[in-house]
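All chains, full assembly: derive it from the sequences and hints.
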Amino acid sequence: DAKTTQPNSMESNEEEPVHLPCNHSTISGTDYIHWYRQLPSQGPEYVIHGLTSNVNNRMASLAIAEDRKSSTLILHRATLRDAAVYYCILRDGGTDKLIFGTGTRLQVFP
Amino acid sequence: GAVVSQHPSRVICKSGTSVKIECRSLDFQATTMFWYRQFPKQSLMLMATSNEGSKATYEQGVEKDKFLINHASLTLSTLTVTSAHPEDSSFYICSAAGGWRGELFFGEGSRLTVL
Numbered sequence: 001d002a003k004t005t006q007p008n009s010m011e012s013n014e015e016e017p018v019h020l021p022c023n024h025s026t027i028s029g030t031d032y033i034h035w036y037r038q039l040p041s042q043g044p045e046y047v048i049h050g051l052t053s054n055v056n057n058r059m060a061s062l063a064i065a066e067d068r069k070s071s072t073l074i075l076h077r078a079t080l081r082d083a084a085v086y087y088c089i090l091r092d093g094g095t096d097k098l099i100f101g102t103g104t105r106l107q108v109f110p
Numbered sequence: 111g112a113v114v115s116q117h118p119s120r121v122i123c124k125s126g127t128s129v130k131i132e133c134r135s136l137d138f139q140a141t142t143m144f145w146y147r148q149f150p151k152q153s154l155m156l157m158a159t160s161n162e163g164s165k166a167t168y169e170q171g172v173e174k175d176k177f178l179i180n181h182a183s184l185t186l187s188t189l190t191v192t193s194a195h196p197e198d199s200s201f202y203i204c205s206a207a208g209g210w211r212g213e214l215f216f217g218e219g220s221r222l223t224v225l
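Line by line, the protein sequences are chains A and B. The first sequence lines up with residues 1 to 110 when you count with my numbering. The second sequence lines up with residues 111 to 225 when you count with my numbering.
Simulated from the structure, these hints should not be mistaken for laboratory data. Be aware that a few hints might be false.
[As the list claims (entries may be wrong)] Here are the simulated DSSO-like pairs of lysine-lysine, each with C-alpha atoms no more than 30 Å apart in a straight line:
hint, chain 1, residue 1, chain 2, residue 2
1, A, K97, B, K151
2, B, K174, A, K97
3, A, K97, B, K176
4, B, K174, A, K3
5, B, K130, A, K97
6, A, K3, B, K165
7, B, K151, A, K69
[As the list claims (entries may be wrong)] Some chain A residues flagged as far from chain B (calculated, every beta-carbon gap over 12 Å):
hint, residue
8, E11
9, N13
10, P21
11, T26
12, N54
13, R81
14, A83
15, Q107
Using N, Cα and C, we set each Cβ at its ideal position, and we do this for glycine too.
Here it is, written out as structure tokens:
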């Protein structure tokens, strides 16, 4: 499985935008970029995913570099409830299996 | 939206006993479910892929006789930790693919404490 690299932790103030980076230089053509987040003592939840084009949904935006070797998850206005560990995962289009890396722990301050 | 539910959410058992954790897809059918284990302050580690009607596929280093997986129906997979020891204490999480966007849904997790 292709590997991703994320910063261990990031901080943000409430109502400010947050840009969570992810490097995946060994991504293959069939790998989708998925983002999940995990709140304390809960199972992960889906945030967003994309292949080549930037994606937007009600939770976040995903900006994918043109060479697909990196991507950025954008939370437009962080809230205290966004404090979680965010995982960037490469998933082959032919499988449902997700292999989690270490993720980025996001702290949001009031 | 689709929901995956686990039971029990917390369980405490004595060393040497076996514990069963259930994972249910509540409003969709899941031919494949995944079991993860998570130790404190660590990431999720995939243990096995549970396939309905067939044997589970275990990841390297996971003992299949220790962690028994049964996926007898399209909505239920069970993980049994046999002869549990304190080092098996962990947060066990299941997931299933069921979203129209191709996303996986995760259960709430089951925290196992072995005394």
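Hint-by-hint comparison with the structure:
{"no.": "1", "hint": "K97/A <-> K151/B", "in the structure": "holds (22 Å)"}
{"no.": "2", "hint": "K174/B <-> K97/A", "in the structure": "holds (18 Å)"}
{"no.": "3", "hint": "K97/A <-> K176/B", "in the structure": "holds (22 Å)"}
{"no.": "4", "hint": "K174/B <-> K3/A", "in the structure": "holds (26 Å)"}
{"no.": "5", "hint": "K130/B <-> K97/A", "in the structure": "holds (23 Å)"}
{"no.": "6", "hint": "K3/A <-> K165/B", "in the structure": "holds (28 Å)"}
{"no.": "7", "hint": "K151/B <-> K69/A", "in the structure": "holds (27 Å)"}
{"no.": "8", "hint": "E11", "in the structure": "holds (18 Å)"}
{"no.": "9", "hint": "N13", "in the structure": "holds (24 Å)"}
{"no.": "10", "hint": "P21", "in the structure": "holds (17 Å)"}
{"no.": "11", "hint": "T26", "in the structure": "holds (19 Å)"}
{"no.": "12", "hint": "N54", "in the structure": "holds (16 Å)"}
{"no.": "13", "hint": "R81", "in the structure": "holds (17 Å)"}
{"no.": "14", "hint": "A83", "in the structure": "holds (15 Å)"}
{"no.": "15", "hint": "Q107", "in the structure": "holds (15 Å)"}
In summary, the structure agrees with every hint in the numbered list given earlier.
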